[in-house]
Amino acid sequence: MVLIRKVIKTFGVEYLQILDEEGTIDESLRPDLTEDRIKEIYHLMVLARMFDEKLFKLQRMGKIGTYAPIKGQEAAQIGTAFAISKDDWTVPTFREFGVYLARGADRVKLVQVWNGDTRAFHGDAKNLPVAIPVGSQALHGVGIAWASKMRGENKVALTYFGDGATSEGDVLEAFNFAGAFGIPVIFVCQDNQWAISTPRKVQTAAETIAQKAIAFGFKGLQVDGNDVLAVYAATKEAVERARKGEPTLLELLTYRMSDHTTSDDASKYRTEADVHAWDSKDPVLRLEKFFRKQGWWTDDYGAWVRSECEKEINDAVEKGLAIPPPPPEDMFSHIFAEMIPDHKRQLEELKAELGDAQ
Amino acid sequence: MKMHMVAALNQALDQAMAKDKSVLVMGEDVGVDGGVFRVTEGLYQKYPGRSIDTPLAESAIVGVAVGLALNGMKPICEIQFSGFTYQAFGQIKQHLARFRQRSDGCMTLPMIVRAPCAGGIRALEHHSESPEAFYVHCQGLKVVMPSGPYDAKGLLLASIEDPDPVMFFEPKSIYRAFKEEVPEDYYTIPLGKANLVREGSKLTIVTWGAMLRLVQQTLEANPMDADVIDMRTLAPLDMETVLTSIKKTGRAIVVSEETRAGSMAGDIAARIQEDAIMHLDAPVIRVTSFDIPFPQFALEKYHLPNVKRVQAAIAKVMSY
Numbered sequence: 001m002v003l004i005r006k007v008i009k010t011f012g013v014e015y016l017q018i019l020d021e022e023g024t025i026d027e028s029l030r031p032d033l034t035e036d037r038i039k040e041i042y043h044l045m046v047l048a049r050m051f052d053e054k055l056f057k058l059q060r061m062g063k064i065g066t067y068a069p070i071k072g073q074e075a076a077q078i079g080t081a082f083a084i085s086k087d088d089w090t091v092p093t094f095r096e097f098g099v100y101l102a103r104g105a106d107r108v109k110l111v112q113v114w115n116g117d118t119r120a121f122h123g124d125a126k127n128l129p130v131a132i133p134v135g136s137q138a139l140h141g142v143g144i145a146w147a148s149k150m151r152g153e154n155k156v157a158l159t160y161f162g163d164g165a166t167s168e169g170d171v172l173e174a175f176n177f178a179g180a181f182g183i184p185v186i187f188v189c190q191d192n193q194w195a196i197s198t199p200r201k202v203q204t205a206a207e208t209i210a211q212k213a214i215a216f217g218f219k220g221l222q223v224d225g226n227d228v229l230a231v232y233a234a235t236k237e238a239v240e241r242a243r244k245g246e247p248t249l250l251e252l253l254t255y256r257m258s259d260h261t262t263s264d265d266a267s268k269y270r271t272e273a274d275v276h277a278w279d280s281k282d283p284v285l286r287l288e289k290f291f292r293k294q295g296w297w298t299d300d301y302g303a304w305v306r307s308e309c310e311k312e313i314n315d316a317v318e319k320g321l322a323i324p325p326p327p328p329e330d331m332f333s334h335i336f337a338e339m340i341p342d343h344k345r346q347l348e349e350l351k352a353e354l355g356d357a358q
Numbered sequence: 001m002k003m004h005m006v007a008a009l010n011q012a013l014d015q016a017m018a019k020d021k022s023v024l025v026m027g028e029d030v031g032v033d034g035g036v037f038r039v040t041e042g043l044y045q046k047y048p049g050r051s052i053d054t055p056l057a058e059s060a061i062v063g064v065a066v067g068l069a070l071n072g073m074k075p076i077c078e079i080q081f082s083g084f085t086y087q088a089f090g091q092i093k094q095h096l097a098r099f100r101q102r103s104d105g106c107m108t109l110p111m112i113v114r115a116p117c118a119g120g121i122r123a124l125e126h127h128s129e130s131p132e133a134f135y136v137h138c139q140g141l142k143v144v145m146p147s148g149p150y151d152a153k154g155l156l157l158a159s160i161e162d163p164d165p166v167m168f169f170e171p172k173s174i175y176r177a178f179k180e181e182v183p184e185d186y187y188t189i190p191l192g193k194a195n196l197v198r199e200g201s202k203l204t205i206v207t208w209g210a211m212l213r214l215v216q217q218t219l220e221a222n223p224m225d226a227d228v229i230d231m232r233t234l235a236p237l238d239m240e241t242v243l244t245s246i247k248k249t250g251r252a253i254v255v256s257e258e259t260r261a262g263s264m265a266g267d268i269a270a271r272i273q274e275d276a277i278m279h280l281d282a283p284v285i286r287v288t289s290f291d292i293p294f295p296q297f298a299l300e301k302y303h304l305p306n307v308k309r310v311q312a313a314i315a316k317v318m319s320y
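As you go down the protein sequences, you meet chains E and A in turn.
First residue of the first sequence? That's 1 in the working numbering, and the numbers climb one at a time after it.
First residue of the second sequence? That's 1 in the working numbering, and the numbers climb one at a time after it.
Bound conformation, chain E alone (with noise of 0.2 Å):
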């Protein structure tokens, strides 16, 4: 008998947590880390959490521009950060404070960049500059981990974006491209169920976003994007299979804690206790129960992080906001290599213009 109609594929999605809520590690899932490098982790979620906060804050006191917190969000950034090397891509949203900290970026930059000041941005190249437009950069992490293949150089991309994002065109046809052409590159969805006011559900009908990466030809994986181990774990495998050609979509479940940005009060479509369901998952504290189960955690050793960042933090800010803003003929300096002249005379306008006002 010939069979017509059979189930010609079938698929599944995998889930990784390593710690659970109360810190409890899985030790057949331990990533090998030692004491000291997961401790590098931690102090760079702690100055994540911490630095977002003062961020906020001086958003409030009108000391810089618009900001978008990342609370909740930093197992989901400083964990995929981590787990690349130096020559490694990222390509970041206006959401990724944390993954900037973790790559190195210059600390007193990082505050001007949020004073709306470009000239931050120098000596930065394997960082991308925050990119606004949802979901358009996926296509230019395809592009950069596609350009390391071509050269043999083995260098990955991971690529940044949120929930809402995986509803924008761009971001499916670089999940295309990259199936299609086997393109290094680690597409790292922070499914933090919010775009702006719009919950998760919405988006989509898919159960996880993970699955869409089956449609495409290549690895989803669905990680608890609040276990700092498993985000980093999650990564390296991704990291793995990207030098063998093979991208991966990683969807980290985690929570914006805080508004979309600071122009926005997210206490108009969310309730407290929507929030405060997220409390016990905390990424940080996690980790911090943790330590205390390894026997690595003393008050100590918490206060002198805390106070560790506290001081990076005020300097960083201290230095940042001196920063006198750029003299307003740099706006036609970095539009083409050479100033065209129409630039050149309309500099002269705006430098007329200066004149009459002194």
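Since the hints were derived computationally from the structure, they do not count as laboratory data.
Just so you know, even glycine gets a beta-carbon here, dropped at the ideal spot from N, CA and C.
FRET-style restraints, in silico, Cβ to Cβ: (1) A:Glu125 - E:Gly355: 48 to 56 Å; (2) E:Ile196 - A:Lys19: 43 to 51 Å; (3) E:Glu338 - A:Ser201: 27 to 35 Å; (4) E:Glu338 - A:Asp20: 19 to 27 Å.
Here are some of the chain A residues that sit facing chain E, going by a computed Cβ distance under 7 Å: (5) Ala57; (6) Ser59; (7) Val64; (8) Val66; (9) Gly67; (10) Leu68; (11) Leu70; (12) Asn71; (13) Gly90; (14) Gln94; (15) Arg100; (16) Gln101; (17) Asp104; (18) Gly105; (19) Cys106; (20) Gly140.
Given the coordinates of chain E, work out where chain A should sit on it, guided by the hints.
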């Protein structure tokens, strides 16, 4: 050697790829098929892995090329028709035009988006538009349109050498309409510099792309003592050449295949009156297509500028 524009463009791509290993050609059907207009013919065989057939997704072609360019490659994207560059408009406007500014000059995009543009070949809907003004308005892009085979090769090679992103529009009605002497050797024609094609004293005719041929046909039928300026590049715009001519002639028309409202023809006319009104003896007249979406091809000959329309504009501007 005499050749048509498709062959000249093909030769430019060939020479650029031979010269610089980071140059890639990518787009829909540009590989095995050599492009739907055959501009990339033979490159797939000659440069393995560097003439790349992509998935059918214009935004991805440009967006992925942005990433390639950020990481050391020089991609030349082909968008099959300029009417489909709109699918990539976000990437072009938001990233291609801005990366140098956004990164304070640290990250640059030496890349090209090529697309056949404009009408005259009885093509389907969306295949015949003249979108140059959209891309000039993006700011941060160079916008180039050749008017024939010799210019096409030199301008394309200059665009490939240029450290900034270039939108390179190829009027497809002149792809194979005529042949010109094109040197075998590698040569460039500078971007941002107009070409005084013909010298006269009584009128300045400013044009570009396929309309240069229309202007020449008009002047053959009705000789006129006119300067004819081929802009070659719409951004940056060489107004110096235009204004120098107008200071001599006192009269100008701008002949362009664009629709009129919000056009480069309008921009050029505005700049002439801003900077040379005391030299003008007559208003500047724009000769363009009409302000409608490009019609289906049964009516395109009425839409596109023609000899009669150019002639009428000349008569009007000379009547003052």
